[in-house]
Amino acid sequence: PCAAAAAPSSSPLTGGGRAAPLHLLSLPGGFFCQSSRRARRWISPASLAGTKVNGARILFRVTNTIMPEINTDELDEQQVQLLAEMCILIDENDNWIGSDTKKNCHLNENIDKGLLHRAFSVFLFNTENKLLLQQRSDAKITFPDCFTNTCCSHPLSTPLELEENNAIGIRRAAQRRLKEELGIPLDQVTPEEIFYLTRIHYKAQSNGTWGEHEIDYILFVQKNVTLDPDSNEIKSYCYVTQEELRELLEKASRNEIKITPWFRLIAETFLFKWWDNLNNLKRYVDHDKIHRM
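Using the UniProt record's numbering, the first residue of the sequence shown is number 1, and each one after it goes up by one.
In case anyone wonders, no lab produced these hints; they're calculated from the structure.
The beta-carbon is built from N, C-alpha and C at its ideal position, and this holds for glycine as well.
Among the hints, a few may not be true.
[Claimed, not checked] Per label pair, the in silico range of CB-to-CB distance:
1. Glu85 <-> Gln205: 17 to 27 Å
2. Glu77 <-> Glu192: 29 to 39 Å
3. Arg246 <-> Leu281: 37 to 47 Å
4. Leu278 <-> Thr72: 34 to 44 Å
5. Lys223 <-> Asp112: 32 to 42 Å
6. Ala84 <-> Arg246: 34 to 44 Å
7. Lys251 <-> Leu75: 23 to 33 Å
8. Leu160 <-> Ala84: 31 to 41 Å
9. Asp187 <-> Leu82: 42 to 52 Å
10. Asp73 <-> Arg283: 48 to 58 Å
Given the sequences, and given the hints that come with them, work out the whole structure.
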């Protein structure tokens with residue numbers, strides 16, 4: 001049985017030349033942009049990353065001037081506050097194109113227009129090779145009450161978490177969220193101890209309003225850690241063997257419990273193969289391919 005959680009206790013495009021600010025109006029299928037030089041043109045998201053004007057690399061700041069009006073009165077206040085966090089916008093090849101709020105990134109209205117953001121999923125194993133699972137709290141806006149892998153979240157649009165070299169920004173974000181969700185002390189899991197395996201691209205609706213559309217970095221850790229979960233994030237947690245996880249997946253197939261769609265996809269395609277090779281994960285590293293799920 002899972003244990004209940006206790007009560008809560010520079011842009012990556014910088015370099016090479018002077019950056020010209022560019023303001024973008026998000027519209028279906030692309031962006032209408034106007035630079036400080038009054039130059040105007042229509043561009044698609046895929047053409048944004050790395051664009052230069054007169055030899056100067058542009059720093060893109062994607063802003064939606066028309067925000068969908070969504071009533072959040074019935075949602076958890078703490079989770080609503082988190083909707084203001086700035087996520088990293090990307091194209092389908094994981095090229096950085098800007099940022100937008102967590103709220104806008106998770107509205108199906110925007111997802112249906114192609115809005116895509118960067119995310120990560122952590123799979124933490126103890127030294128007995130058991131996987132730490134969490135059950136998302138009822139307060140979560142997307143996929144509440146669902147069982148899932150150790151930690152699933154998003155890097156923020158900050159210089160430290162935008163850094164792409166060997167996915168160090170993603171790994172810093174994972175360390176941050178392991179602390180915020182599960183209470184794991186920062187010195188118990190460092191970015192250097194988080195192993196970046198590969199990426200998946202998936203889309204899923206939580207309900208009629210909210211959903212996910214992510215390129216998800218798969219991260220593995222094997223270490224014994226101290227847990228002090230935030231009950232606003234996590235309803236329960238437990239370590240499971242492979243057999244226990246298979247039983248959990250069977251229960252989900254009978255609608256006895258709920259699991260997140262990304263966890264189901266990963267578990268049904270890659271997870272058990274990786275789990276069998278925790279001491280030899282390097283053979284499965286693929287940083288070039290994005291698995292389209």
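Is the hinted range of 34 to 44 Å satisfied by the C-beta distance from Leu278 to Thr72?
41 Å, holds
Outcome of range test on Cβ distance (Lys251, Leu75; 23 to 33 Å):
Holds: the Cβ-Cβ distance is about 28 Å, inside 23 to 33 Å.
Please check whether Asp187 and Leu82 have a Cβ separation lying inside 42 to 52 Å.
This hint is violated: roughly 25 Å between Cβ atoms.
Arg246 versus Leu281 beta-carbon gap, inside 37 to 47 Å or not
21 Å, violated
Do the beta carbons of Glu77 and Glu192 sit within 29 to 39 Å of each other?
36 Å, holds
Range hint 17 to 27 Å (beta carbons of Glu85 and Gln205) holds or violated:
21 Å, holds
Would you say the C-beta atoms of Ala84 and Arg246 sit inside 34 to 44 Å of each other?
39 Å, holds
Regarding Leu160 and Ala84, is the given constraint of 31 to 41 Å on their beta-carbon distance met?
19 Å, violated
Check the following: the C-beta atoms of Asp73 and Arg283 are separated by a distance inside 48 to 58 Å.
51 Å, holds
Please check whether Lys223 and Asp112 have a Cβ separation lying inside 32 to 42 Å.
40 Å, holds
Violated hints for the displayed structure, listed by number in ascending order: 3, 8 and 9.
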